[in-house]
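Please construct the entire structure, taking both the sequences and the accompanying hints into account.
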Amino acid sequence: MKIEVDRLSHVYDVKVLKAISLKLETYRSVAIIGVSGSGKSTLLRILSGLEKPTAGTVSVNGKDVRTKAHRESVGFVFQSHNLFPHLTLERNITLILEKTRHMPLEKAIGIARGNLEALQLSDQMHKLPKHVSGGQAQRASIARALSLNPDVIFLDEPTASLDPILTHEVLMAVKKLRTMGKDFVFVTHVISFVRDFADYVIFMHEGEIIEQGGPAILDRPQTPEMRDYMEKVH
Amino acid sequence: MADSTMDTLANQRNTVRKLHHALNYFFAIAVFIAGAFFVAVRQPRSLDFSGIIARSGIIRAAFFTTVQVSFIALVGSVTLGLVFYFFSISKSGFLKAFTNVFTEVIYGTPLLVMIFMMGYPVRASLNIATSPTMGLVGLTIYITPYMTNIFKAAFSSIPEEQYMAMELFGFNAFQRYRYIIIPQVIRVLTAPLMNNFSLIIKGSALLNIVATREIYYELFSWRQFTGRSFEAFVVMWGLYLAITLPLSQLTKYIERRWSR
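The listed protein sequences derive, respectively, from chains A and B.
Each residue of the first sequence is one higher than the one before, counting from 120 in our numbering.
Each residue of the second sequence is one higher than the one before, counting from 18 in our numbering.
Be aware that one or more of the hints could be misleading.
Claimed, not checked - List of simulated lysine-lysine pairs, DSSO-like, C-alpha gap at most 30 Å:
(1) K269/B with K246/A
(2) K171/A with K113/B
(3) K269/B with K134/A
(4) K246/A with K169/B
(5) K134/A with K108/B
(6) K113/B with K218/A
(7) K249/A with K182/A
(8) K249/A with K269/B
(9) K113/B with K249/A
(10) K269/B with K171/A
Unchecked claim - Computed list of chain B residues with no C-beta within reach of chain A, every gap over 12 Å:
(11) T22
(12) R34
(13) F80
(14) V92
(15) V139
(16) I175
(17) P176
(18) G187
(19) N189
(20) R193
(21) N225
(22) L262
(23) T268
Bear in mind the hints are in silico, worked out from the structure with no lab data behind them.
This one's a predicted model, so the numbers in the text were calculated from it and none came from an experiment.
Ideal Cβ placement from N, Cα and C applies to all residues, glycine included.
Printed below as a string of structure tokens:
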């Protein structure tokens, strides 16, 4: 995937992103790490089109992130599954395909079932989110992201609300997606996962990218901030 | 211990628990009936319901008037409440301020005063409707902020993240309400809505001051002619409970069903 970020700033009440620039071309799986409040989730949300940047230009695969064309070419997996609670796992997917992608229902069901099956959820798909485990719900939300046939899938700490066993379950599911030829950008605190899944790592601190490179940078932090972070997450 | 023995024990415990539950309610209700009985037998005159039975046609009409005006106030206050809810989330500072001032004024006003104000001085100034109609308008306005409140609570039960998802997946405004927001909100809304309906039914008794011929009005005027307080009030009370008790039981039933 191709990511271009030029002097991106973002402001809530305080400035959370401080004129970030970034240029990536050939990577398939990019990890964004850093302490809470470093701006990593905000960067992810802006890249995915979920949030509009205050200033600067951002594009993914040549599409400006403010455009509808971009929004329709991405998938997003939220921290807590964020499935619509009144709909079954399957309907959570088919509703989107049917109403916003104008797909006939039978075709939508076919796609939803295919993806739910790929994530081992065939026997759960007619249940409501509250009647399945956290790991299953999160896998369903990955299936939802996949069903939109995105070019890039964004994951915002997909395992933050799960226990270690469910974390493993979800990360295995994410790994499986790589074989489907999707590109990824994800935020996580699970460093072992970054190590064997990411081919590019971005370390953020106080709204700035202060280190970036291949996963090898995890073992040789150059800045005291990243050294400190690596000590704490281990 | 064998599983079957465990099951039998569990069943027995369950039966005993249910029996206890039923007995507790039986005695609680018995206390109320005993209280009513005490008041009844201590009346200076012997009880005589024949006057009420003779007026049963009028009283039946009064009962339906109560149900009817309450229903109108319900529909009216739900509609107005929704309008004020949209005011409260609108971008207009004035509409927000207006909603807040309205809410504070109503919260500080006794219902009796509200109905009286609308039924006489306001009616006289506008001269567009009769006192009973304006009294009903007063009741409707009085309940409105309570309705606005339950709309606020219901809509805020949908977390910010869901709105983000709706935006991300590209649902338009109509689709958001039709497929995602309303189906969820309706469940949160039903129980408090029915509680407010109960509030309206009880409040409608005050419409007697603008001469609405509802339950309170008819039985109270009968009492004025005959001096039979006990008979009048016990029937009056029973008629209100005949509406409100089934309503509250239905509310509880719906809540239980939907919480599954």
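Comparing the hints with the structure gives:
{"no.": "1", "hint": "K269/B with K246/A", "in the structure": "25 Å, holds"}
{"no.": "2", "hint": "K171/A with K113/B", "in the structure": "27 Å, holds"}
{"no.": "3", "hint": "K269/B with K134/A", "in the structure": "49 Å, violated"}
{"no.": "4", "hint": "K246/A with K169/B", "in the structure": "29 Å, holds"}
{"no.": "5", "hint": "K134/A with K108/B", "in the structure": "25 Å, holds"}
{"no.": "6", "hint": "K113/B with K218/A", "in the structure": "33 Å, violated"}
{"no.": "7", "hint": "K249/A with K182/A", "in the structure": "36 Å, violated"}
{"no.": "8", "hint": "K249/A with K269/B", "in the structure": "22 Å, holds"}
{"no.": "9", "hint": "K113/B with K249/A", "in the structure": "36 Å, violated"}
{"no.": "10", "hint": "K269/B with K171/A", "in the structure": "44 Å, violated"}
{"no.": "11", "hint": "T22", "in the structure": "32 Å, holds"}
{"no.": "12", "hint": "R34", "in the structure": "27 Å, holds"}
{"no.": "13", "hint": "F80", "in the structure": "38 Å, holds"}
{"no.": "14", "hint": "V92", "in the structure": "26 Å, holds"}
{"no.": "15", "hint": "V139", "in the structure": "43 Å, holds"}
{"no.": "16", "hint": "I175", "in the structure": "9 Å, violated"}
{"no.": "17", "hint": "P176", "in the structure": "8 Å, violated"}
{"no.": "18", "hint": "G187", "in the structure": "4 Å, violated"}
{"no.": "19", "hint": "N189", "in the structure": "8 Å, violated"}
{"no.": "20", "hint": "R193", "in the structure": "10 Å, violated"}
{"no.": "21", "hint": "N225", "in the structure": "43 Å, holds"}
{"no.": "22", "hint": "L262", "in the structure": "31 Å, holds"}
{"no.": "23", "hint": "T268", "in the structure": "20 Å, holds"}
Consistency with the previously given hints fails for numbers 3, 6, 7, 9, 10, 16, 17, 18, 19 and 20, ordered from lowest to highest.
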